[in-house]
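Chain by chain, the residues run as shown.
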Amino acid sequence: MSWETVIGLEVHVQLATASKLFSGSSTAFGAEPNTQANIYDLALPGTLPVMNEEVLRMAVSFGLAVDAEIGKRSVFDRKNYFYPDLPKGYQISQLDHPTVGKGSLRIVMDDGSEKVIGITRAHIEEDAGKSLHEDFQGMSGIDLNRAGTPLLEIVSEPDLRNAKEAVAYLKKLHSIILYLGISDGNMSQGSMRCDANVSVRRKGATEFGTRTEIKNINSFRFVEKAINHEVQRQIDLIEDGGRVIQETRLYDSDRDETRSMRSKEVANDYRYFPEPDLLPVVIDDAYIDAVRATMPELPDARCSRFVKQYGLSEYDADVLTSSRAMADYFEQVAQLCGDAKLSANWVTVDLLGLLNKQDLDIQQSPVTPTQLGTLISRIKDNTISGKIAKTVFEALTEGETDVDQIIESRGLKQVTDTGAIEKLVDDVIAANPDQVAQYKGGKEAVFGYFVGQAMKISKGKANPAQLNELLRKKLSE
Amino acid sequence: MLSKTVAELSAALDRKDVSSVELTQAYLDRIEKLNPDLNAYITVCKEQALKQAADADKQRAAGNGTPFTGIPIAHKDIFCTRDVLTTCGSRMLHNFVSPYDASVVERLQQAGAVTLGKTNMDEFAMGSSNETSYYGPVRNPWDSSRVPGGSSGGSAAAVAADLCAIATGTDTGGSIRQPASFCGITGLKPTYGRVSRFGMIAFASSLDQAGPLSKSAEDAALMMNAIAGLDSRDSTSLDHPAEDFTAHLQQSLKGLRIGLPRDHFTADLNPAVQTILQDAIKVLESLGASVTEVDLPHNHLSVPAYYVVAPAEASANLSRYDGVRFGHRAENPANLEDLYKRSRSEGFGDEVKRRIMVGTYALSAGYYDAYYKKAQKIRRLIKQDFDEAFKSVDVILGPTSPHTAFKLGEKNADPVTMYLEDIYTIAVNLAGIPGMSLPAGMLQGLPIGMQLVGPAFSEARLLNVAHQFQLNTDWHQRRPEVK
Numbered sequence: 001m002s003w004e005t006v007i008g009l010e011v012h013v014q015l016a017t018a019s020k021l022f023s024g025s026s027t028a029f030g031a032e033p034n035t036q037a038n039i040y041d042l043a044l045p046g047t048l049p050v051m052n053e054e055v056l057r058m059a060v061s062f063g064l065a066v067d068a069e070i071g072k073r074s075v076f077d078r079k080n081y082f083y084p085d086l087p088k089g090y091q092i093s094q095l096d097h098p099t100v101g102k103g104s105l106r107i108v109m110d111d112g113s114e115k116v117i118g119i120t121r122a123h124i125e126e127d128a129g130k131s132l133h134e135d136f137q138g139m140s141g142i143d144l145n146r147a148g149t150p151l152l153e154i155v156s157e158p159d160l161r162n163a164k165e166a167v168a169y170l171k172k173l174h175s176i177i178l179y180l181g182i183s184d185g186n187m188s189q190g191s192m193r194c195d196a197n198v199s200v201r202r203k204g205a206t207e208f209g210t211r212t213e214i215k216n217i218n219s220f221r222f223v224e225k226a227i228n229h230e231v232q233r234q235i236d237l238i239e240d241g242g243r244v245i246q247e248t249r250l251y252d253s254d255r256d257e258t259r260s261m262r263s264k265e266v267a268n269d270y271r272y273f274p275e276p277d278l279l280p281v282v283i284d285d286a287y288i289d290a291v292r293a294t295m296p297e298l299p300d301a302r303c304s305r306f307v308k309q310y311g312l313s314e315y316d317a318d319v320l321t322s323s324r325a326m327a328d329y330f331e332q333v334a335q336l337c338g339d340a341k342l343s344a345n346w347v348t349v350d351l352l353g354l355l356n357k358q359d360l361d362i363q364q365s366p367v368t369p370t371q372l373g374t375l376i377s378r379i380k381d382n383t384i385s386g387k388i389a390k391t392v393f394e395a396l397t398e399g400e401t402d403v404d405q406i407i408e409s410r411g412l413k414q415v416t417d418t419g420a421i422e423k424l425v426d427d428v429i430a431a432n433p434d435q436v437a438q439y440k441g442g443k444e445a446v447f448g449y450f451v452g453q454a455m456k457i458s459k460g461k462a463n464p465a466q467l468n469e470l471l472r473k474k475l476s477e
Numbered sequence: 001m002l003s004k005t006v007a008e009l010s011a012a013l014d015r016k017d018v019s020s021v022e023l024t025q026a027y028l029d030r031i032e033k034l035n036p037d038l039n040a041y042i043t044v045c046k047e048q049a050l051k052q053a054a055d056a057d058k059q060r061a062a063g064n065g066t067p068f069t070g071i072p073i074a075h076k077d078i079f080c081t082r083d084v085l086t087t088c089g090s091r092m093l094h095n096f097v098s099p100y101d102a103s104v105v106e107r108l109q110q111a112g113a114v115t116l117g118k119t120n121m122d123e124f125a126m127g128s129s130n131e132t133s134y135y136g137p138v139r140n141p142w143d144s145s146r147v148p149g150g151s152s153g154g155s156a157a158a159v160a161a162d163l164c165a166i167a168t169g170t171d172t173g174g175s176i177r178q179p180a181s182f183c184g185i186t187g188l189k190p191t192y193g194r195v196s197r198f199g200m201i202a203f204a205s206s207l208d209q210a211g212p213l214s215k216s217a218e219d220a221a222l223m224m225n226a227i228a229g230l231d232s233r234d235s236t237s238l239d240h241p242a243e244d245f246t247a248h249l250q251q252s253l254k255g256l257r258i259g260l261p262r263d264h265f266t267a268d269l270n271p272a273v274q275t276i277l278q279d280a281i282k283v284l285e286s287l288g289a290s291v292t293e294v295d296l297p298h299n300h301l302s303v304p305a306y307y308v309v310a311p312a313e314a315s316a317n318l319s320r321y322d323g324v325r326f327g328h329r330a331e332n333p334a335n336l337e338d339l340y341k342r343s344r345s346e347g348f349g350d351e352v353k354r355r356i357m358v359g360t361y362a363l364s365a366g367y368y369d370a371y372y373k374k375a376q377k378i379r380r381l382i383k384q385d386f387d388e389a390f391k392s393v394d395v396i397l398g399p400t401s402p403h404t405a406f407k408l409g410e411k412n413a414d415p416v417t418m419y420l421e422d423i424y425t426i427a428v429n430l431a432g433i434p435g436m437s438l439p440a441g442m443l444q445g446l447p448i449g450m451q452l453v454g455p456a457f458s459e460a461r462l463l464n465v466a467h468q469f470q471l472n473t474d475w476h477q478r479r480p481e482v483k
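The listed protein sequences derive, respectively, from chains A and B.
Reading the first sequence from the start, the letters are residues 1 to 477 in the working numbering.
Reading the second sequence from the start, the letters are residues 1 to 483 in the working numbering.
Possibly wrong hints are sitting among the right ones.
What the hints assert, rightly or not - Quick list of in silico lysine-lysine cross-link-like pairs, BS3-like style, CA-CA up to 27 Å:
1) A/LYS79 - B/LYS374
2) B/LYS383 - A/LYS72
3) B/LYS383 - B/LYS407
4) B/LYS353 - A/LYS72
5) A/LYS72 - B/LYS374
As the list claims (entries may be wrong) - Over 10 Å on every C-beta distance to chain A, these chain B residues come out as not near it, computed from the model:
6) LEU50
7) SER206
8) GLY229
9) PRO241
Hints listed in this document are in silico derivations from the structure and should not be mistaken for laboratory results.
Here a beta-carbon is modelled for each residue, glycine too, at the ideal position from N, C-alpha and C.
All chains should be modelled from the sequences, with the hints used to inform the complete structure.
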C-alpha cells in the first residue's frame with residue numbers, strides 16, 4: 001500500500017525591529033532576564049498598546065515578496081489564555097483580517113524540478129516571554145524580555161508532499177526573509193520557529209487524513225527528521241489498525257522522536273475578539289507602493305536576471321541566489337574577473353564544496369570574493385591553469401591571503417613560452433617511441449598519455465591549450 | 001470656602017484671600033472628620049498634597065498659574081498615581097503602588113492641581129451603588145443610609161460633601177452621570193477617545209471614558225481644558241483640534257433644539273421625576289430653547305447589549321490579575337493552577353467574578369455570534385438612532401436615573417435590578433457620544449439629575465446648556481448637611 005504525505009508549515013518569524021510590537025522596550029537577544037520589560041510588557045494595570053509602525057512595513061514587504069494580497073484594513077484580536085509568560089492573559093494577534101493574505105512561493109528541488117507552494121496568510125502577533133524551569137527550586141522563573149517581540153506567523157497551504165519539500169520551502173522563506181532584512185532568521189536562537197502539520201493518506205485519496213502538529217522544530221535538519229519520523233509513525237499506526245489522533249506533538253531532537261504534548265480535543269477555546277485598545281490598521285496603495293520601492297531584488301527576480309545577464313543555467317542561478325549573501329558573493333567575484341560562468345563554477349563547486357565540508361555559512365567563508373575573483377583572473381590571463389588554480393585555492397583555504405604571492409612563491413606560473421613547450425613536446429615524443437608508433441597506428445587514446453607525461457614533467461604548469469596544439473602538430477608530422 | 005467652585009477658588013487664590021496650603025489643609029481636616037463615616041476616600045495623600053500646595057502657591061505668586069494651580073482635587077482610585085496606592089476598589093490591588101501616573105493625573109498635575117487622595121469606587125468600576133468596593137460602601141452625603149451611586153461613588157460623594165473642589169471619575173455605562181445625579185452634582189462623560197485612557201485601569205476598553213465630577217458646569221469645562229486632547233500613549237485617543245471648553249459657556253440658548261426621547265418619558269419613570277424634568281425644560285424654554293420629541297427605537301436593547309460587550313472586554317482585561325507579577329497572590333500555591341485559582345478567587349469580589357464569567361461565556365466558541373457579534377450589531381443600531389435624532393435636535397434631554405438614591409443593600413439581591421439602574425445612560429457609552437448629568441431638582445430631600453446628550457465632540461455645547469441652566473437655577477448650589 002502506498003501513502004501520500006500532506007504537510008503544511010506554520011513559521012513564526014521574529015521581526016528585526018529595535019523595539020517591541022506594542023512597547024518601546026528593546027528586542028535585543030541575550031540581556032539579563034526582565035531588563036527589557038517596561039510597564040506595558042509587564043501588563044501593569046492601565047497600560048495600553050501602541051503599534052510599532054516598522055512592523056507593518058516589514059509585514060507588507062514580506063507580503064509583496066510572496067506576491068500576496070495585502071490587507072488594506074488589518075484588525076488585531078485578543079487571543080485569550082492563561083500562562084505565566086503571557087503577562088496580559090491574552091496575546092494580541094490577527095484572526096480574520098491579517099496584514100498579509102493569500103500568496104505563494106516557488107521552490108526548486110535538488111533534481112531541478114520546481115513547485116509553487118501556496119501561502120494561506122501571514123499575520124502579525126506578539127511573542128510570549130520565556131518560562132525558565134531550571135534554577136528555581138519548586139518554582140518557575142519568568143523572563144519577559146521576549147514578551148511582546150513582533151512575530152510574523154506565516155501559514156502555508158497543505159501543499160507540501162514530503163519532508164524535502166518542507167525543507168526547501170522553509171529554506172526559501174528563510175532566504176526571502178534575509179533578502180528583505182526583516183529578521184535575522186536564526187533558528188537556534190528562536191528568531192525563526194517552525195511548526196509542522198502532518199498527515200498521511202492513501203495515494204489517490206481526496207480527503208486529508210487526521211493531522212498532528214509538531215511543535216518546536218529549531219533547525220532545517222530537524223524539520224526533515226521530525227516530519228519523516230512523524231510520517232512513519234502515522235503510517236505504522238494506521239497499518240497496525242490504529243487511528244491518528246489530532247494532537248500537538250513535540251519533536252525531541254536528542255531521541256529523534258515526536259511525543260504527544262496535548263490533545264487538540266481538550267485544547268483551549270481562545271475566545272478571540274477584536275482588540276478594543278487598537279484601531280484597525282488602514283493602508284492605501286500609496287503606502288504599499290512606498291514599501292515596494294524600498295524592497296531589494298528578491299531571489300526569484302535575481303535568479304532570472306542571472307540567467308539572462310550572465311548566461312547561467314537555471315540550476316546554477318537558483319543555487320547562487322538561494323541566499324542574498326551568496327548572490328552578493330558571486331556577483332562580486334564575477335565583476336572582478338569578468339567571467340560569470342567561470343565564477344559560477346568556482347562558487348557552486350569549489351567554494352560550496354568547501355563550505356559544506358567545513359559546515360560554514362557563506363559569510364564565514366575563508367576565501368573572500370576578492371581573492372576568488374583574483375584567482376579566476378589569473379586563469380583568464382593565462383598566468384595559471386585551471387588545474388593549478390585548485391592548488392592556489394587550497395592555499396587560500398589554509399589561510400594564505402595573496403593570490404599572486406602564492407603563485408609567485410610556489411612557482412606555479414604557467415609556461416606559455418612556445419619554445420619551452422615545443423622542447424617539452426619534443427622530449428616526450430623522443431622518450432616514448434612505442435606510444436608514438438601506437439598513436440600513428442591509429443590508437444587515438446594514447447594522446448592523453450602524452451599530455452599526462454608533458455604535464456608531469458612541467459609540474460602542471462604547461463599551458464594546456466598550447467600543449468595540445470603542439471603535440472597534435474608534432475605527432476602528425 | 002470649601003463649598004466653592006474651582007472658578008471661585010481660583011479667583012480667591014489669585015486675590016490671596018487664601019493660600020493653597022491653607023485650602024488644602026482645610027480640606028484635609030474635613031476629610032479627617034467626615035471620611036470615617038462617608039468612606040469616600042480609600043487613600044488620603046496628606047504630605048504629598050501639602051507639598052504640592054506649597055509649590056502651587058509659589059507658582060501662582062510667580063504668575064505662572066493655571067485655573068487649577070493649587071486647587072485641591074481627588075482622583076478616582078481607577079487612575080494610576082505614581083508612588084501612591086492604586087486599588088481600583090479591589091482586594092486584587094490592595095498592595096499595588098503604581099510606578100507611573102495616568103495621563104489624566106499627569107495633565108492635572110501639570111496644571112498645578114493638588115491631589116488630596118484617591119476615591120472609593122465599585123470594584124473595577126463594576127457597579128451602580130459603590131457597594132461592590134472591597135473597601136466598603138460609600139455613604140450618600142444627603143442621607144447616609146443611601147448609596148451615592150456608582151461606580152464613581154467616592155468622587156461624587158467627595159465633591160458633594162466638600163471633601164474636595166472637584167474630582168475625576170470614569171464612565172463605562174453611567175458611572176459618572178448616575179452618581180452625579182444621586183449626589184446632586186455635575187458630571188460629564190466626554191466623547192469616547194477625547195480623554196486619554198492611558199493609566200486608567202481598564203474595565204471595558206471600548207466604553208471607558210474619564211471625565212469630571214464637579215460643582216458646576218463651568219468647573220467641568222475647566223477640567224476638560226486640562227485633561228482632554230490627543231495622547232500618543234492611547235491608540236484610541238482622538239486627534240481632535242484642541243478647544244477651550246469654557247469659550248461657549250455664555251452663549252445664548254436662543255434657537256437651541258432639545259429632543260425628548262419618547263421612550264424615556266413613559267409610565268416607567270417616577271412621576272415626580274417627570275415633573276422635575278418638565279420644570280427644568282420650562283426653564284430652558286424660557287431661555288429660548290424649543291422642544292420636540294425624538295425616537296431612539298433601539299434604546300431598550302442597550303442594557304442587554306452592554307451586558308454582553310462590557311463583560312466580554314472585562315473578561316480579557318482582568319486576565320492580567322493572576323498573582324504572578326503584582327497585586328494579590330495566594331499564599332503557598334501548590335502549583336500554577338492553584339496559584340491562578342486562589343489568587344483570583346481571593347482577589348476578586350462577587351460582581352467582578354460574575355462579569356468575568358458572563359464575558360467568558362459570551363466569547364466562547366459557539367456563542368460568539370449569538371452574543372458578542374449580535375451585541376455589536378445592536379451597538380451600531382443605537383449609534384444610528386442617535387445620528388438620526390441629531391439631524392433634527394441639538395441635544396437630547398432626559399432623566400439620568402429612574403429615581404433618587406436608593407438605600408444601601410436595597411438592590412443587592414438581584415443583579416439585573418441593579419443593571420437596570422443604567423437604563424438611561426448606557427446607550428450613550430455604546431454610541432461613544434458625550435453625556436452629562438446636572439442637578440435639576442430635589443425629591444424628598446434627595447437630588448435628581450437630568451441628562452443632556454449630544455453628538456460626538458459636542459461637549460462645549462452641552463456645557464453651554466448646563467451653564468445657562470445653572471445661571472438660572474440654584475439646584476447645583478444645594479449642599480447636603482453632613483454631620
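Checked hints:
Taking the CA atoms of A/LYS79 and B/LYS374, the gap is about 20 Å. The hint holds against a cut of 27 Å. Only pairs whose Cα atoms come within 27 Å are accepted, and B/LYS383 paired with A/LYS72 is accepted, the gap being roughly 25 Å. Of the pairs offered as hints, the one joining B/LYS383 and B/LYS407 is violated, with about 34 Å between alpha carbons and a cut-off of 27 Å exceeded. Between B/LYS353 and A/LYS72 the CA atoms are separated by roughly 39 Å; this puts the pair beyond 27 Å, and the hint is violated.
Taking the CA atoms of A/LYS72 and B/LYS374, the gap is about 25 Å. The hint holds against a cut of 27 Å. For B/LEU50, the requirement that its beta carbon stay farther than 10 Å from each beta carbon of chain A is met, with the minimum near 26 Å. Not every C-beta of chain A lies more than 10 Å from that of B/SER206, the closest at about 4 Å, which undercuts listing it as non-interface. The Cβ of B/GLY229 lies farther than 10 Å from every Cβ of chain A, with a closest approach of about 16 Å, so its non-interface assignment holds.
Residue placement check: B/PRO241 keeps its beta carbon more than 10 Å from all beta carbons of chain A (closest about 19 Å).
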